[in-house]
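Protein chains in written order, with my numbering: chain A, 1 to 96; chain B, 1 to 403.
Treat the hints loosely; a few may be bogus.
[Claimed, not checked] Here chain B is said to cover these stretches of chain A; the calculated rule only asks that three of the stretch's residues, wherever they fall, bring their Cβ under 8 Å from a Cβ of chain B:
| # | stretch |
| --- | --- |
| 1 | 21-27 |
| 2 | 33-40 |
[What the hints assert, rightly or not] With a Cα cut of at most 20 Å, we get these calculated EDC-like pairs of lysine to aspartate or glutamate:
| # | chain 1 | residue 1 | chain 2 | residue 2 |
| --- | --- | --- | --- | --- |
| 3 | A | K44 | B | D23 |
| 4 | A | K44 | B | E16 |
| 5 | B | K110 | B | D90 |
| 6 | B | K110 | B | D93 |
| 7 | A | K44 | A | D18 |
| 8 | B | K110 | B | D140 |
| 9 | A | K44 | B | E19 |
Derived from the structure by calculation, the hints contain no laboratory data.
Don't be surprised by glycine CBs; every beta carbon is placed ideally from N, CA and C.
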Amino acid sequence: MSTEDGRSFDLDRAWRLDERVSIRPERFGALLYHFGTRRLSFLKSRQLLDVVRGLAEQPTARAACVQAGVRDAELPRYRAALAALAASRMIRPRSA
Amino acid sequence: MSHVDTGRAAGQRLVEHFECGLDAPICLTWELTYACNLSCVHCLSSSGRRDPRELSTAECTALIDELERMQVFYVNIGGGEPTVRPDFWDLVDYATAHRVGVKFSTNGVKITPEIAQRLAGSDYVDVQVSLDGATEEVNDAVRGPGAYRTALRAMEHLAAAGFVGFKVSVVVTRHNVGQLDAFQAIADRYRAQLRLTRLRPSGRGADVWDELHPTAAQQRALYEWLLAHGEQVLTGDSFFHLAGYGESLPGLNLCGAGRVVCLIDPVGDVYACPFAIHDSFLAGNVRADGGFARVWRESALFADLRRPHGGGACSACSAYDACRGGCMAAKFFTGLPLDGPDPECVRGHGEAALATVAAGSAPRPSSDHSHRTGPVPVTIGRRRPPERACDENPLAGFALPVR
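I would like the entire structure built from these sequences, with the hints used as guidance.
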């Protein structure tokens, strides 16, 4: 993980899962498959899964992290994770 | 191989999870029929004639329902030539309507302009056109007369319909390994993506493997080519034995058989992987009580595959962590022990081991649906086997994330 990856990711806007993405919970977190890009990805923890699932209901990505119990010190890691998901088009910005 | 086209470096801990098996496959190969208009000499499923016991349309849709419940992301449909099943397009529509993605392998025989249009309209369908030579001469020597033109015509139709990114699927052999740049040019011409997979000694492939598998020098050249072009070329993770040269190729570099992938054959038999159609790798049948889910979750064979396995004769080798002993099916059908080197071991241990295998002692495939007349000239309307669809590594396309 690298916090640098996440710097461009806007935690303070609204995001959602792409509608062509299917999520499958697993012991280690979750698998994601994007039917449009045909790429597989994964979430390495259940907490990250909670964050991703919360995106659609929360006004900002930051709020989704808070709701999933992510502590401030962990936020850079989660931001980097979300940035990677955005880069692979698994999640998309939405209007709040 | 794990049959998943993945990106680089999935991370060791994740690989360990996969080695212990998942509650459901990520993807699986589903051979819909053994019927085929071609008679490719290396057909992994020894296809040709339809099996009268093949799953009915209703059984197929019930299986798709089950895959949907298990959240299997997609199926790699092959055969035989799957498009010769009269219900094929309906099954594709049924699967995609139920959010089970479809990638299917075809020799192109049924890809008309109209069908190409229909396919181009769906995010949930991907097409792999099989081509085993960048020239007609090389291709048709393996796939039969007319096969090259049939494949290129299908590609033209797909490109004309605006289907961007379909796959040109090549089994790498001694005769086409020098054509990799030419294959890439063909893929580029049709805005397609090149997919290279390994020749396996499975099905009729067992009969031609000695003459067709790449030489040691060719393997090295292939490895270099993949290192230089690997990010844009799919491999279904099928060359992980080449990681023994030093640098890992993109992908998970693990055997996914029975762990993250499997094969369902036309009569519903479930095998550990698409390259292992043999009673030794038969886990059960989807027609039995409990269906596919029960086979996947409770089969003794799969439980065994998900146990930690040592490296056997390979443990002492410095390349073992990279190549993991190579491909189970390749070892099995060349008569080698499963806990020893791959027959194409890059350190040369496979060759040495093969020298000790008594002629004729390697196991034979459990079923043979080859046309009885011998190789059939490829004419439109006759069916024959494309190699297996699921060289697809479920981990193919692994983008990497997060912790």
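Against the structure, the hints:
{"no.": "1", "hint": "21-27", "result": "holds (count 4)"}
{"no.": "2", "hint": "33-40", "result": "holds (count 7)"}
{"no.": "3", "hint": "K44(A) x D23(B)", "result": "16 Å, holds"}
{"no.": "4", "hint": "K44(A) x E16(B)", "result": "13 Å, holds"}
{"no.": "5", "hint": "K110(B) x D90(B)", "result": "14 Å, holds"}
{"no.": "6", "hint": "K110(B) x D93(B)", "result": "16 Å, holds"}
{"no.": "7", "hint": "K44(A) x D18(A)", "result": "19 Å, holds"}
{"no.": "8", "hint": "K110(B) x D140(B)", "result": "18 Å, holds"}
{"no.": "9", "hint": "K44(A) x E19(B)", "result": "16 Å, holds"}
In the structure shown, no violation is registered for any of the earlier numbered hints.
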